[in-house]
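Using the hints, position chain B against chain A.
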Amino acid sequence: MINNSLKQLAAALAAKKTSSRELTQTYLARIEQLNPELNAFITVDAEKSLTQADAADKLLAAGRGEVLTGIPIAQKDIFCAQGWRTTCGSKMLGNFIAPYDAHVIQRFNEAGAVNLGKTNMDEFAMGSSNETSYFGQVKNPWDKLAVPGGSSGGSAAAVAARLCPAATGTDTGGSIRQPAALTGITGIKPTYGVVSRYGMIAFASSLDQGGPMAKSAEDCALLLNTMAGFDTRDSTSLDRPVEDYARDLAQPLAGLKIGLPKEYFAAGLAPDVAQTIEAAIAEYKKLGAQVVEISLPNTQLSIPVYYVLAPAEASSNLARYDGVRYGYRAPEYKDLTDMYQKTRAQGFGAEVKRRILIGTYVLSAGYYDAYYLKAQKLRRLIAQDFTDAFKQCDVIMGPTTPTTAFNLGEKSNDPVSMYLSDIYTIAVNLAGLPGMSIPVGFGANKRPVGLQIIGNYFSEAKMLNVAHQYQLATDWHQRMPDAIA
Amino acid sequence: MEWEVVIGLEVHAQLSTQSKIFSGAPTAYGAAPNTQACAVDIALPGVLPVMNKGATERAIKFGLAVGAKINRTSVFARKNYFYPDLPKGYQISQYELPIVEGGTLTIQVGDQEKTIRITRAHLEEDAGKSLHEDFHGMTGIDLNRASTPLLEIVSEPDMRGSAEAVAYAKTLHSLVQYLEICDGNMQEGSFRCDANVSVRPMGTDKLGTRCEIKNLNSFRFLERAVEYEVARQIEIIEAGGKIAQETRLYDSDKDETRSMRSKEEAFDYRYFPDPDLLPMKISEAMIEEIQRTLPELPQAKHARFMREFGLSSYDASVLTASRDMAAYFELVVSQTGAAQAKAAANWVMGDLAGALKRDGLEITHSPVSPGQLAGLVRRIADNTISGKIAKEVFEALWAGEGDADAIIEAKGLKQITDTGAIEKIIDGIIAANPDQLAQYRSGKDKLFSFFIGQAMKATQGKANPQQLNDLLKKKLAG
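Chains as they are written, first to last, in this note's numbering: chain A, 1 to 485; chain B, 1001 to 1478.
Chain B on its own, in the form it takes in the complex:
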């Protein structure tokens, strides 16, 4: 039988506020345990939560970006359960009335576009961390992360395979960084996914029983976990078994998912509105203000790059995948002119991206400025240097040896475009290689590249390739 995979994702994006969602303690990552947890975070008797307006603004920003409804009144609810790293014995979240409802996200899978529906996005606080190592069989509790603001973004079960799930997660990951509401740092847990996975016979409508895989903190783990889970479910059903609704964990070492708790063991969270926080009212003025500050979104930018710069959909999507890369590219093009946009795109996506990756740098810390790269592109366009020489110039730019023009000047890399000079060099080479000339003239066309090589060697690669080509052909023909 053919099976259809059905996936819905719940993404927890940590909002980039300086302080926590319900207290004034800092959210900075990596401090010594329990040094960034204040009285409210550790839930001392008598403390009360106060909503961080910055978190609300970021949630609204997200809602507007995905075309969702912003609820003018939303309600914080308590999700009650006992766990040592949950200091209050409940998590403050949103349940019946989240701040964001509806909306869509368009993803690109190969050359196909697909729209994924978003169910809701709600504000909540993170829990602390339980540390099981180094405590001689006891558990250590670090509450630095407690009350860190999260936006939980829940999708509809609209994805039909791991590729779509990963594309959705990546698109969302890029969007929250575009909006500057989340730093997207997956190693530090700023962006993590839970995947709801089920399968059903192709062509049927009824959803199969789903399993939820918790805490996937890389796109690769998401892909692997979904694929393992799909295979596991199909195998069970095909063997005549039934899927048990449960929560599962992905073990990246063993590359498998395993059961964490069954539906029967699921908690009754006893949600109820948090009496310590009044229903959150959002004014039209606040929404309008945030709307005004909304940046151009990846999808709009993608369309504009294709339209204004004549880029392919692929190039446009690579360049708009991160806001910083798109901004860099636009700065380059603003100095080269749109006619050189394709060349600029190739440099940004090719040599620059490669060098950044090699040296482990973010594009915002690129040693080659957009102006410098534009200078390089301009010198290729006006035939001052060849594409080949340009790579040498780029390495010099990377090494901080000055602007393109200065490097070309200092290293004498200017292209030879004087026909007479090139002819003179060709004549010398032909004279020095009579055997090869004879063979070429007797039909061994392949030797053309031998002559090109000799000429390039003689000019240290500086001869204009097109001119050299044309002149050499003429001379060899005799």
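Next up, chain A with everything else stripped away, as it sits in the complex:
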């Protein structure tokens, strides 16, 4: 059952072959068994989950079930869920019980899905290895020495280890796609504005976007149908007609034009990853796709631009964690300034502090024009690269990451090297485009390789179709780590 698709689970529930309670208990048992080592979950609350499962079973019994009714979904601990501790991976929110539901959580609740627990993540989503979490590192189910990627590393590891049928993630610079690639699962970051950010704890507001992480493109399409939609509470949410993201899954790929950016296959790309990606492209050609070489000339600028803009926004977004109203407050202090300083010094981890410092610096009087404003201008150039590229192709493909999963601790003391591992994913956020990662094989060290598919604005249905057709022809997405079977 743990390898079943969401459709199969829904069918089993509808046919009364299983119940939501049974399904939820199955996954809770797997979590109990495997999570102590993987550390994919920060908070599990069996009672809460089972209460939701029982409610779902009533809906199902009454014949009022929808596609996701009764299906347990793991939620990244960045989404506020009423009554659940919502930590964002930080000591700062270690005691924070959310008093309201994020839009995404609300949508899952309305669909009758079960919240299976809150997954581990890099602190405030700042990281590419899940090592910055206050709640400890997450291990990659394929290799316990490897990182699962980040920041949605807990969700990725949970799906890969089949601790849940599906999970949510958020992606500011690659935080869905990179961990999906490193753990051999499928994840999609939609076009900016498709999924409401209300109740999703902000890292960098102009880049953050929630999305599904699951075993397959088909599952992601079903999840996105629930997660997407206009929300008046988020001014950057887009008021567009409701879409069925699964509508094009069955379309054949004959005539599909795939753009391969030469910058994504240049120096820095590990040979084993390059070979695996090339094999995947060859598979696409078999499916009838054509390949064109394209150029995204400003790719190299995306990391410096991102590391100006994202910290700038973060430095302001994280100012609310001041010990005054909720969250952590230093136990001892002599005055207000001391309270602020001690609270933030003790409550935030090193990576978060680094980014707050960078962000504060680039917004300071005298530096704003040279950094923030300049970065905004370059951001427009980077977006223009993609606009030009999509005149020549339907989708862009390339590696999601330059290497397979690196070892725990390998880059944790070398932030720049860590930042560089996001070279292929960051530009997509800067442009606001949708991007996804699907598993396409394994590298030399038997760790998974992800293929990134970048689509034009609002082409999620097309991308999911492109991914699904590949997954019909291959079985990489069905592979499971031996250790967890």
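The set of hints was computed from the structure by calculation and includes no laboratory data. Treat the hints with care, as some may be off.
With a straight-line Cα cutoff of 27 Å, these simulated DSS-like cross-link-like pairs (lysine-lysine) come out [claimed, not checked]:
(1) B:Lys1301 x B:Lys1342
(2) A:Lys262 x A:Lys377
(3) B:Lys1473 x B:Lys1444
(4) A:Lys377 x B:Lys1281
(5) A:Lys391 x A:Lys462
(6) A:Lys374 x B:Lys1079
(7) B:Lys1388 x B:Lys1414
(8) B:Lys1079 x A:Lys377
(9) B:Lys1342 x B:Lys1170
(10) A:Lys7 x A:Lys17
(11) A:Lys334 x B:Lys1129
(12) A:Lys342 x B:Lys1129
(13) B:Lys1281 x B:Lys1079
(14) A:Lys16 x A:Lys58
(15) B:Lys1391 x A:Lys374
(16) B:Lys1424 x B:Lys1411
(17) B:Lys1254 x B:Lys1129
(18) B:Lys1473 x B:Lys1388
(19) B:Lys1053 x B:Lys1069
(20) B:Lys1079 x A:Lys353
(21) B:Lys1391 x B:Lys1414
(22) A:Lys16 x A:Lys48
(23) B:Lys1069 x B:Lys1079
(24) B:Lys1079 x A:Lys342
Covered stretches of chain B, going by a simulated chain A footprint (3 or more residues, C-beta under 8 Å) [as the list claims (entries may be wrong)]:
(25) 1038 to 1049
(26) 1084 to 1094
A virtual CB, placed ideally from N, CA and C, is assigned to each residue, including glycine.
Quick look at chain B alone, frame taken from chain A:
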């Protein structure tokens, strides 16, 4: 040396929306602490601001009223600083692209008109309140006021003294109430001023170093603070010192300003565009719609009152100082006719305003309706009652004893205009006072008023004063 005072004002007008600028929580004043602060106002993790369209409309209304440019695209920016009553650690304001730019306001100082330039007006949210009493050395935070909509109206340094500063503030205060975009309640902090004050030698162009005096919440405090500050600056410069650019607070108990923070201690607010709010686009249709609903403004009304009703500039400015008073006056005149406009104006500005003030009432809650006051004015005009008796009728109107005609009838206050009747009374008085008559006739003219008094007493003040005057003169002359 002679010094020129240079003042620019920043006024924070609280916009009269029902809900807050970025959340749905109510803006009502005076509720128990933290009962009107929702998740967005207290800045819980994950919440987002949503712009209140009503606040935008009010800002546009203001811009149109002062002839400013309405920016079709304006940008919300974050002003970052830490303070316990600032929940997000930043205030959402407008920085580089405000909604309103330019415009002017004409003020009246004595009988002089002066035009003050407005630099800009931008939308922003208010902070909460820190309460330092009753918490045993700790600070209480009340976030009810957090995210209340404000329009910050910034003037050019065009005012040359406290009188001009107060006139500008009062004119602005009246305007925002005219426009119904702000309730103008200064006690509740709905309208508060920061004054930028500097001095320079008369005849020079270069601006002196300025000090900003924060949070002046009455016209009197504004006047006092500016005057104190001007004297302080002149004293320092004349003693050979230099003014330090700083932010100062006015202490109304001690009637002085004192330093709050120096330029060196000033915050670097690290403004940047708020990524949670898209640039605000304003359509031509929205501007046209607001233009259509714009009321007649004080200045236009002032000119029209002088032209249509022949009022003096002073009378017109008193009557147009508040929209409600002007409306009341116009209702009275619509029933008396323009010929009685001056008389109506005197009643509204005099007895009515006095009674309202005495009983602490707003003109909108006047016990005497415009129709009732018009009835009174008409009875004076047609000689039914004298001006003196009219005051008695007015008090009865105030006490709710009915309309003027009913009161005059019931109390028998109708004026005596029958020549024969008045003559008869005069004859009686002359006969009863032969000594006074003799003295008057021997040249003691002052005794005329004695006879008038006796006659008024005898008629209980009801004799027509002009007739009485004429007839008495004739009779006394013999």
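A quick look at each hint next to the structure:
no.	hint	result
1	B:Lys1301 x B:Lys1342	holds (16 Å)
2	A:Lys262 x A:Lys377	holds (23 Å)
3	B:Lys1473 x B:Lys1444	holds (13 Å)
4	A:Lys377 x B:Lys1281	holds (21 Å)
5	A:Lys391 x A:Lys462	holds (16 Å)
6	A:Lys374 x B:Lys1079	holds (20 Å)
7	B:Lys1388 x B:Lys1414	holds (12 Å)
8	B:Lys1079 x A:Lys377	holds (22 Å)
9	B:Lys1342 x B:Lys1170	holds (25 Å)
10	A:Lys7 x A:Lys17	holds (14 Å)
11	A:Lys334 x B:Lys1129	holds (22 Å)
12	A:Lys342 x B:Lys1129	holds (24 Å)
13	B:Lys1281 x B:Lys1079	holds (21 Å)
14	A:Lys16 x A:Lys58	holds (12 Å)
15	B:Lys1391 x A:Lys374	violated (74 Å)
16	B:Lys1424 x B:Lys1411	holds (23 Å)
17	B:Lys1254 x B:Lys1129	holds (23 Å)
18	B:Lys1473 x B:Lys1388	holds (21 Å)
19	B:Lys1053 x B:Lys1069	holds (19 Å)
20	B:Lys1079 x A:Lys353	holds (20 Å)
21	B:Lys1391 x B:Lys1414	holds (13 Å)
22	A:Lys16 x A:Lys48	holds (22 Å)
23	B:Lys1069 x B:Lys1079	holds (24 Å)
24	B:Lys1079 x A:Lys342	holds (23 Å)
25	1038 to 1049	holds (count 9)
26	1084 to 1094	holds (count 5)
Violated hint for the displayed structure: number 15, the only one.
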